[in-house]
Every structure is written in structure tokens, then in C-alpha cells.
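Turn these sequences into a full structure, and let the hints guide you.
Chains as they are written, first to last, in the numbering used here: chain A, 1 to 305; chain B, 306 to 593.
Since the hints were derived computationally from the structure, they do not count as laboratory data. The reader is advised that the hints may include incorrect statements.
Under the rule of at most 25 Å between Cα atoms (straight-line distance), these lysine-lysine pairs were calculated in the DSS-like manner [what the hints assert, rightly or not]:
{"id": "1", "chain 1": "B", "residue 1": "Lys409", "chain 2": "A", "residue 2": "Lys276"}
{"id": "2", "chain 1": "A", "residue 1": "Lys207", "chain 2": "A", "residue 2": "Lys276"}
{"id": "3", "chain 1": "B", "residue 1": "Lys409", "chain 2": "A", "residue 2": "Lys207"}
{"id": "4", "chain 1": "A", "residue 1": "Lys285", "chain 2": "A", "residue 2": "Lys207"}
{"id": "5", "chain 1": "A", "residue 1": "Lys276", "chain 2": "B", "residue 2": "Lys408"}
{"id": "6", "chain 1": "A", "residue 1": "Lys285", "chain 2": "B", "residue 2": "Lys408"}
{"id": "7", "chain 1": "B", "residue 1": "Lys409", "chain 2": "A", "residue 2": "Lys285"}
If you want the footprint, here are the derived chain B segments under chain A, 3+ residues with CB under 8 Å [said to hold, decoys possible]:
{"id": "8", "region": "343–353"}
{"id": "9", "region": "401–408"}
{"id": "10", "region": "417–428"}
{"id": "11", "region": "570–577"}
Computed from a predicted model, the values in this text were never measured in an experiment. Cβ atoms here follow ideal geometry from the backbone N, Cα and C, with glycine treated the same way.
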Amino acid sequence: MNGQRHAQRSAPRQVHACTTEPAWVRWVLLSLALGFLFLFLVLPLATVFAEGLRKGVEAYLDAFHEPDAWAAIRLTLITAAIAVPLNLVFGVAAAWAIAKFDLRGKAFLTTLVDLPFSVSPVVAGLIYVLIFGAQGWLGPWLAAHDIQVIFAVPGIVLATVFVTFPFIARELIPLMQAQGTEEEQAAIVLGATGWQTFWYVTLPNIKWGLIYGVILCNARAMGEFGAVSVVSGHIRGYTNTMPLHVEILYNEYQSVAAFAVASLLTLLALLTLVIKSIVEWLETKDPQPASKRATEPAYLHGLLT
Amino acid sequence: MHFPLLFMPTSGRVRTHHVLPGFHVALGTTVLYLSLIVLIPLSALLFKTFSLTWTQFWDAVTGERVMASYRLTFGASFLAAVVNVFLGLLVAWVLVRYEFVGKKVVDALVDLPFALPTAVAGISLTALLAGNGWVGQYLEPRGIQLAFNPNGVVIALIFIGLPFVVRTVQPVLEDLEQELEEAATCLGATRWQTFMRVILPAILPALLTGFAMAFARAVGEYGSVIFIAGNMPMISEITPLIIIGKLEQYDYAGATAVALVMLVIAFVLLLFINTLQSWQRQRSGAPV
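Shown next, in the form of C-alpha cells:
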């Protein structure tokens, strides 16, 4: 009798035990996974700060006294300030057209939006050189009108826009598709204008996906290296973004200064991860059932159509 | 391309009235922006290549140094993606199945390779693995050199590709019905048999997709690799660096030819990944 009751009580635990591994296996797997992540993620992170602070706080801060460093920070901020809003407008427009209407060629259009994800950053930079460079399609015309795109700020912005092009759109399309059009239709029928409908009905429903897309887009815009490197020309104080400034310092063996500037970019990456986690957490707390976001991060949608 | 014809609403003719406004404005903005930023610039690559004769093109894309770079780029990308399949599955498994302190932080940290600028990843991995680095100082006396040679390329590409495998496998593992595993156990399967015969077939499409995405990303990667590779011609020079090298020598046609090869391979990979994805969706019973 006693034994029977005992068996009943421990039954759920046994069911659980049959779908997991023996304790020692769990331990080994957990240690292996955490050990690998420590080696590959935590140590590189720590290295950035350790190398930056190797010669003390003063040497670290010296890296930011240079006008070139400030010019690089300013250019990075300007580039992101142009590229992110542009892709935000495009992302909302593309998602509105693709998700809220049935149109022919939808899959094809979505694939085209994804294209920049699969193109190597170096190739992304190269295509703008072919168009705007001195030997490019528009090169002679631009030279005649004294407009410089390649080896200047416009080229850097263009390359960044290309590379970050799909982020916001790809975040919004599955989200808006899942939400359907009933709420918007109701608003229109009740007499709301198009803008009112978007502003008061659609936007609140997509706000988390929108924020999520914007922060990932911003992180990539500020950190892009390959594409920008091709079009920049590496002119110090003029066409160097922060990642390019890091490269130049590093190649000049100014290791401390390189890692000091790199640490700013690392903080930006960490901040991005923190905001992303907060957004995900707020999203689960959000009472609106409609605001369900797809589970994968945006950079995965890029390759999944 | 006949965009105006291609992207018509399916419900009827051009004049169909939608309840929702803004279709034409939104679609117009999308197609215009897409053409200006992506399609026209990419077509420049194609047209520039047409200015070459076939022999010139062939010589540019099959030069000795270029061939060596293909071998390195694709070999290292393949190796890194294979390693990521195992390690990524391990990490996804631990994150989905086990409870431990700091799990949320670890989960958030998996996206780090994506959020961290590639140049920063490159210099920090190099500093870590160089002879005087935290890890390198223990390896170099034993004759193991991980920086400034092809080993470094593989390591940088493992770093870059990790989140792709973890984030494709993780949701599939989460959705896996535990009843299947219970049934397997009840029918007498060992835990290992259950994993190999029940769990692995269910996550295989996701695993393959993760592999293909990590591989595709690795093939085009530039920033994190060039710092750690050492960039010796014929030995540790990746294909994107070949393109940059040709550009710096003002060999625009040569750079374009190699870039076109990379672009075509990227397309093939994208198609392959899409096929894998629809296979996965069919498997999971979701509407395709």
C-alpha cells in the first residue's frame, strides 16, 4: 500500500526522466556547450576590453582625444542616421504591399528583398564602384558636375543602405502577414483615413517587430566593414567609419587605440543584445495577442523565404 | 522585367478597389527603391562582365591565385559549417532542454557574432590566438598555431556562423513533441536510439538549413577573416580579398569577373536553402 502510493507520487518524475538523459550526460553536454561558448564568445569579448585597457585608463582614453577618432564616430552616426530611416520607410512600405495585399509575384518580390543578405559585402561595395566610380557608368558625368560618390560619404551611405536593406522589411512581413487585415478593414469601414488606420491600428500591432528590426539594422549599419571598406578609400578624418578606423589603427600597430575604439563598437553590440532581450520580454508581456512575432531573428528570415 | 504586370493584385484587374488604401504607393515605393539600391547596381556587375571576352573572363576567374583562394574559401567555410552543425546543435540542445543559472544571458549572447562588427571580431580573435594572446600563449609552445594561417580562417568562420545553426535548430527543438520520445522509450528504445531515430530525423531539415546558411555566410565573409588569416597569397588569401586586391590594382574587369562567380554561387546557395526550407515546412505540416 505504502509502496503503491510512493509509486504513484513519483510517476510524473519518471515520465520526465524517460525524456531526458542520465545526469552525467547532462553534465558533460552542459559543460561542453558552456565551455565552447566561453572560449568563442566570452573570451573575445573580454579580450577587446583587456587589450584596450592594457596600458591603463589614460592610454585608453587617449584614443578618443584624436580628431580622426571623432571624425570616424561622427561619420558612423551620420551613416546610420541616414541608412536606418531610409530602410525603415522602405521596410514599412514593402511589408504593407507584400503582407496586406494578395499580389502576383509575391514570392519573387520577397526573394528580391532578401537578395542583399546573400551577397558578399565586398561584392556589395564593388557594384557601387562600377556605377559611380571614375571608370563607372556615371563616373564621367559625376566628374563633370564635380560630384563625388565613391571615396566619399554618399558611397559609404549607399553601401550601408544596401547591406542593411532587408532587415526591417523581413522583420515586418511575417508579422503583418500573421496579423491579417481584419482590424484595418474595420477601421476603414468605421471611417478612418488611411493614415489614421496605419497610425492607430497597424503601428501599435507591429511596434515590437519594428523596434526589433530597427535595432538590428542599426547595429549592422554602424558595424559594416567589408562593403564600406571597398567604397571608402580610407581617407583619414574624412571617409573613415569606426570599423575602418579600427582597421587602420590596428594595421599601424596602435593596438591599444584600435581596441579602445573597438570597445565602443562592442558596447554598441552588447547594448543591441540587451535591447533585443528587453523587447522580446516586453513582447511576451504584451496583452495583445495579435502582436506575435516570428520566433527567429531577422537575419534568419533573410535566408528563409 | 515587367514589374507593372508582374506585381498586380491577384484579385481581378488593375482597377480593383481594395478596402485598404495605399497599395499602389507602397508597391511603387518598394519596387522603385529595390531597383535603385539593389537591382540596377547588381546588373552593373553583369554588364561589366560582358565587356570581357570569354578567354579574358576565364583567365580572370581561374588564375592560379584565384583558384587557391576558392579552395581556401570553400574548404574553410565547409569545415566551419560542419563544426557549427555539431556545436550549434549542442548549444541549442542545452538551451532548450536543460535549466541552468544564467541561461537567459547565454541565450542572448548567442546572437553576439551577429551584433558584433566583423572587424572587431577579427582583431579580438587574432589577439586571443596570437603567440602572446590569452589562448595562443598555451598553444604556440606546443606547436599549435591558430592565427595567421588557414586555421585562423576556419576559427573566424566558426564564430561568424554559430548563431545561424543555433537559431534554426532551437525553435524546432522547442516544438518537438515530447510524447514521441516517451513512446520511443516505452517501446524499449535507449536514449541514444531515441535521439538517433526520433529526434534527429525531426530536426534534420533545420540542421541542414543551418549548415547551408552558415556556409553561405562564411563564403562571403570578409571583415573577421582578413585580420586573422595572415593573407599570404596561395596559402591564406580568401576570395573576397582577391576582389579587393584586383580593385586596388585598378583591374575592375578582373574584380568583377571574380565577383560574378561569387554572386552566382550565392544564388545557388540561396536556392538550395529555399528548397530545404520548404522541405522543413512540409515536414512540420505547416502550410507551404
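Verification of the supplied hints:
{"no.": "1", "hint": "B:Lys409 <-> A:Lys276", "in the structure": "12 Å, holds"}
{"no.": "2", "hint": "A:Lys207 <-> A:Lys276", "in the structure": "13 Å, holds"}
{"no.": "3", "hint": "B:Lys409 <-> A:Lys207", "in the structure": "23 Å, holds"}
{"no.": "4", "hint": "A:Lys285 <-> A:Lys207", "in the structure": "14 Å, holds"}
{"no.": "5", "hint": "A:Lys276 <-> B:Lys408", "in the structure": "16 Å, holds"}
{"no.": "6", "hint": "A:Lys285 <-> B:Lys408", "in the structure": "19 Å, holds"}
{"no.": "7", "hint": "B:Lys409 <-> A:Lys285", "in the structure": "16 Å, holds"}
{"no.": "8", "hint": "343–353", "in the structure": "holds (count 8)"}
{"no.": "9", "hint": "401–408", "in the structure": "holds (count 3)"}
{"no.": "10", "hint": "417–428", "in the structure": "holds (count 11)"}
{"no.": "11", "hint": "570–577", "in the structure": "holds (count 4)"}
Consistency with the previously given hints is maintained throughout, with no hint failing.
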